[in-house]
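Undergrad: Position 106, counted from 1, in the sequence shown is what our numbering calls 96; the numbers after and before it change by one each time, with no gaps.
Hints in this document: simulated from the structure, not taken from any laboratory. Everything numeric in this text was worked out from a predicted model, so none of it was measured. What you were told as hints is all true, and nothing was included just to trick you.
Result set (DSSO-like, lysine-lysine): computed pairs, CA atoms no more than 27 angstroms apart in a straight line:
| no. | residue 1 | residue 2 |
| --- | --- | --- |
| 1 | K267 | K223 |
| 2 | K266 | K223 |
| 3 | K36 | K64 |
| 4 | K291 | K266 |
Distance ranges between label pairs, derived from CB positions:
| no. | residue 1 | residue 2 | range |
| --- | --- | --- | --- |
| 5 | L254 | E78 | 51 to 57 angstroms |
| 6 | K266 | Q33 | 48 to 54 angstroms |
| 7 | G289 | R73 | 51 to 57 angstroms |
Just so you know, even glycine gets a beta-carbon here, dropped at the ideal spot from N, CA and C.
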Amino acid sequence: MSLRPGLLLLALLLVPSLGLSTTSAFPLRGLDLGAAAPGFELQDAKGRSHALSALRGKVVVLAYVRPDQDYSAKVLGALTRLRRRYPEAEVAVLGVRRPDEPGASAVEAGLGFPVLLDPERSLYAAWGLFVLPTTVVLDPKHRVVFAVSTFPEGMEDDLLASVDESLGRPRSAAKPKKAAAPAAPPEIGMARGLMASGRPAEVLDVLRPVLAAPSAPVDVLLLASEASLALGKVPEAAARAEAAERAEPGSLRVALLLGRVRTLQGRYQEAEALLKKAAMGPESGQARYRLGQLHERQGRKDAALEEYRAALEASLGR
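Please model the entire structure based on the sequences and the hints provided.
TA: Have a look at this one:
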């Protein structure tokens, strides 16, 4: 019996679910705040040309996205709301993507602003982009006044405030914020963005100074463990997941990751107990999927298919 349906669920079940902390790392290589943005002239999907020079005197909000990506969908939603808030005579809103992105037409229908095509990645290179999505605000003189990658908490409020300041208006009133949690290391936001972009080796490079501290935060340990798994470094991943378990005993999110590690170590009984525990929490879809993978390794095909179906149901039921 083929288990290919389980593999086809991977993209659906492993959608990034962790919120991002605002990071101090600037997401544009070679461009700093206050720098003049490189010009461009690109066409949209209907063949209409759009040049940055034609928008002189307007605030420009530009997001380079991947339409099939969860964070990009959130950014496009935020830009749609922003488009309705400001007159086109004052603020230009643009999306940018590669021409061959799957599902782009459906995602972009009804956005209310153009999405430009960057077939040669000329804008991507000239602006020094490296994590998608990245959103940039230019003032009326087209100097960079705001830039952020992915979709960190509070981004939409920060985006509106940046546009208002560029227009010379009072800052938009932000929504009441929750009581502040303990500050996360600034490296973790960048590391999560790199992980979402499939760059685990760079994740470990970014997190290395934090991991060298006497007691690294659990979020850092889990992210480093996940990056180590992606690189096939199972013993290293195990050490970090075990450190996270000592720091946060009983945690369901730690159980999920440690269950994956134990599966790869061949410690199947322990892995099954951990993943069943994780399946009781908010990440039940991912936990059931990992149980399916475990049963595949054990040759328990019927049990694997049952877990894959349960994983799909959990994901669709969210």
